Amino acid sequence: MHPAFSVIFLTTLIGAGQGLFLALFTVESYGLLELVPSQGPEFYAHGSLLALALLVLGLFASFFHLGRPERAWRTATKWRTSWLSREVIVLPAFMAVVFLYGLAHWTGFNPSLGTLPGGYNVLATVLLGALGALLAFALFLSTAMIYAAVKFLQEWHSPLTVVNYTLLGGASGFTLAAAYAAWAQTDLVSFLAGWAIILTLLALVSRAASLIRNARIKPISSLQTAIGVKHPRIEQKSQGFMGGSFNTREFFHHRSAGFVRAVKWAFLIGVFAIPAALLALAMLMTVDATPVLVAAFAVQYLGLLAERWFFFAQANHPQNLYYQSVA
Amino acid sequence: MTQLALVIDLNVCVGCHACVTSCKEWNTSGDAGPLVDLNPYAADPTGTFFNRVQTFEVGEYPNTETVHFPKSCLHCEEPPCVPVCPTGASYKRKEDGIVLVDYDKCIGCKYCSWACPYGVREVDAQRKVMTKCTLCVDRIYDDALPEWDRKPACVRACPTHARLFGDIHDPDSEVSQAIRENGGYQLMPEWGTKPANHYLPRHKTRITVREDELERADNPLKIDSKLPKPGRDEPSLDDVTSW
Numbered sequence: 001m002h003p004a005f006s007v008i009f010l011t012t013l014i015g016a017g018q019g020l021f022l023a024l025f026t027v028e029s030y031g032l033l034e035l036v037p038s039q040g041p042e043f044y045a046h047g048s049l050l051a052l053a054l055l056v057l058g059l060f061a062s063f064f065h066l067g068r069p070e071r072a073w074r075t076a077t078k079w080r081t082s083w084l085s086r087e088v089i090v091l092p093a094f095m096a097v098v099f100l101y102g103l104a105h106w107t108g109f110n111p112s113l114g115t116l117p118g119g120y121n122v123l124a125t126v127l128l129g130a131l132g133a134l135l136a137f138a139l140f141l142s143t144a145m146i147y148a149a150v151k152f153l154q155e156w157h158s159p160l161t162v163v164n165y166t167l168l169g170g171a172s173g174f175t176l177a178a179a180y181a182a183w184a185q186t187d188l189v190s191f192l193a194g195w196a197i198i199l200t201l202l203a204l205v206s207r208a209a210s211l212i213r214n215a216r217i218k219p220i221s222s223l224q225t226a227i228g229v230k231h232p233r234i235e236q237k238s239q240g241f242m243g244g245s246f247n248t249r250e251f252f253h254h255r256s257a258g259f260v261r262a263v264k265w266a267f268l269i270g271v272f273a274i275p276a277a278l279l280a281l282a283m284l285m286t287v288d289a290t291p292v293l294v295a296a297f298a299v300q301y302l303g304l305l306a307e308r309w310f311f312f313a314q315a316n317h318p319q320n321l322y323y324q325s326v327a
Numbered sequence: 001m002t003q004l005a006l007v008i009d010l011n012v013c014v015g016c017h018a019c020v021t022s023c024k025e026w027n028t029s030g031d032a033g034p035l036v037d038l039n040p041y042a043a044d045p046t047g048t049f050f051n052r053v054q055t056f057e058v059g060e061y062p063n064t065e066t067v068h069f070p071k072s073c074l075h076c077e078e079p080p081c082v083p084v085c086p087t088g089a090s091y092k093r094k095e096d097g098i099v100l101v102d103y104d105k106c107i108g109c110k111y112c113s114w115a116c117p118y119g120v121r122e123v124d125a126q127r128k129v130m131t132k133c134t135l136c137v138d139r140i141y142d143d144a145l146p147e148w149d150r151k152p153a154c155v156r157a158c159p160t161h162a163r164l165f166g167d168i169h170d171p172d173s174e175v176s177q178a179i180r181e182n183g184g185y186q187l188m189p190e191w192g193t194k195p196a197n198h199y200l201p202r203h204k205t206r207i208t209v210r211e212d213e214l215e216r217a218d219n220p221l222k223i224d225s226k227l228p229k230p231g232r233d234e235p236s237l238d239d240v241t242s243w
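Chains as they are written, first to last, in UniProt numbering: chain A, 1 to 327; chain B, 1 to 243.
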């Protein structure tokens with residue numbers, strides 16, 4: 001498939017935003033259970049603002065994928081069948097909850113909505129946070145299912161696609177959260193960096209699994225089934241036109257095999273190796289780790305751009321069987 | 001229920017592209033507005049077509065066969081392009097099974113083209129909406145046309161009658177009979193899309209020529225027998241006349 005930068009930016013930016021929000025809510029939940037030192041309201045408010053900024057940027061990027069962005073409101077109508085429609089509904093809902101979550105912390109409007117057995121207060125922000133976490137996972141599912149649901153794009157049609165989107169978004173979000181925690185001078189750096197390392201390594205396992213799976217894929221369609229002629233040797237002599245067309249532009253990456261391979265190694269190093277090393281370094285540092293963690297996030301995000309590019313480029317659409325020769 | 005479709009006889013198609021140009025002409029001047037052509041006379045021309053004729057070589061030289069293969073939207077009975085559309089712009093008509101795009105609802109996200117394994121949807125680069133074969137829905141229901149003319153433009157244009165048009169759910173229709181009697185098949189059946197359009201396979205055509213058919217036995221003037229019959233080593237009839 002042709003990797004479109006609008007979609008690459010959309011999926012990586014909102015993924016990091018979702019991960020960052022999940023990190024904030026993790027901190028709040030752990031804080032309630034007194035497993036980590038609880039934070040002041042600014043920590044959550046500024047963090048939510050950062051997450052919201054990423055989500056807005058992602059949403060902005062997504063509009064460049066549309067031929068007719070002025071009609072984008074129509075996309076919410078077919079949620080019964082279309083994962084794209086579901087994503088379009090869940091994304092603004094999630095953004096609204098992140099906004100309210102940040103606002104509640106910022107204004108200090110945080111009434112107790114009741115008491116659980118055991119004496120735990122159900123705070124409004126915790127309820128919002130839980131709802132936001134639910135929506136964050138729903139958004140990971142919706143975004144990934146847009147690709148995983150297309151069954152004849154065999155490289156995408158796998159539960160690994162959903163797992164990868166979730167873990168990669170989570171990893172980048174927690175790395176960013178660690179950098180943010182260091183910048184905000186909290187004592188959460190090791191906690192968040194530790195989770196970021198765990199998520200990065202889990203993402204490595206699942207992404208490697210999908211790379212291995214995709215390397216072993218046998219295409220279900222062939223030229224024989226494409227034109228219905230049962231002969232082992234079929235060769236296309238003409239695709240019906242000599243100029244370009246939508247079909248020749250949209251479904252191929254137009255790069256050499258060497259370039260695609262290079263991108264694969266670039267993202268394996270950029271998403272996993274370097275950030276994991278920098279995160280571990282930050283955990284060992286006694287001085288301010290902000291620059292190291294910001295670098296970790298920057299490298300990981302650039303790596304994710306490469307990862308998403310490769311994700312699209314690797315998918316081989318069966319329609320390409322019909323467009324193999326120009327003459 | 002009606003399911004209109006094309007049946008394309010690969011045994012007859014000669015790859016003349018008449019259906020391509022006829023389709024382009026009809027749909028460019030149709031209700032939906034022009035199918036764009038960009039840089040038509042420049043270095044890198046491109047354009048929107050609903051219908052293409054491709055050519056494949058089957059077998060290994062010298063035992064090869066050329067297959068001309070017209071391809072347009074197959075109007076699947078289980079169209080994968082329809083449920084993925086986030087706006088409902090891509091839809092399948094219940095009354096006749098034609099898969100259409102509502103150009104006023106389409107946002108040009110291209111998701112339906114990703115979801116089509118056949119690559120028969122093309123974004124119109126000027127209108128920024130997805131376009132595809134409509135089975136000439138504006139011809140086949142046009143009361144102003146005489147009844148024999150109410151067929152898709154490609155069917156009307158085909159000089160070898162390689163294209164049939166009709167209801168494949170009606171067992172007595174021309175297309176159903178053609179599918180039944182000639183081994184009609186669907187493209188990429190492995191995906192369960194159940195394309196409505198069918199293809200008729202190529203087959204070996206042989207005729208037996210008998211001796212009495214070479215000489216016209218009922219010719220009273222016996223002209224055939226008066227023609228020069230060169231000997232084995234002499235120039236043949238064709239060579240003689242090609243002086």
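The hints are simulated quantities; they were obtained by calculation from the structure and are not laboratory data.
Any given hint could turn out to be false.
[Claimed, not checked] Not the full set, but computed from the structure, chain B residues with beta-carbon under 7 Å of chain A:
#1 A42
#2 P45
#3 Q54
#4 E57
#5 V84
#6 G183
#7 Y185
#8 M188
#9 W191
#10 T208
As the structure is a computational prediction, the values presented were derived from the model and not from experiment.
The beta carbon of each residue, even a glycine, is placed where N, CA and C say it ideally should be.
Going down the list of hints, with the structure as the test:
no. : hint : in the structure
1   : A42  : 10 Å, violated
2   : P45  : 4 Å, holds
3   : Q54  : 5 Å, holds
4   : E57  : 5 Å, holds
5   : V84  : 5 Å, holds
6   : G183 : 10 Å, violated
7   : Y185 : 5 Å, holds
8   : M188 : 5 Å, holds
9   : W191 : 5 Å, holds
10  : T208 : 27 Å, violated
When held up to the earlier numbered hints, the structure conflicts with 1, 6, 10 and fits the remainder.
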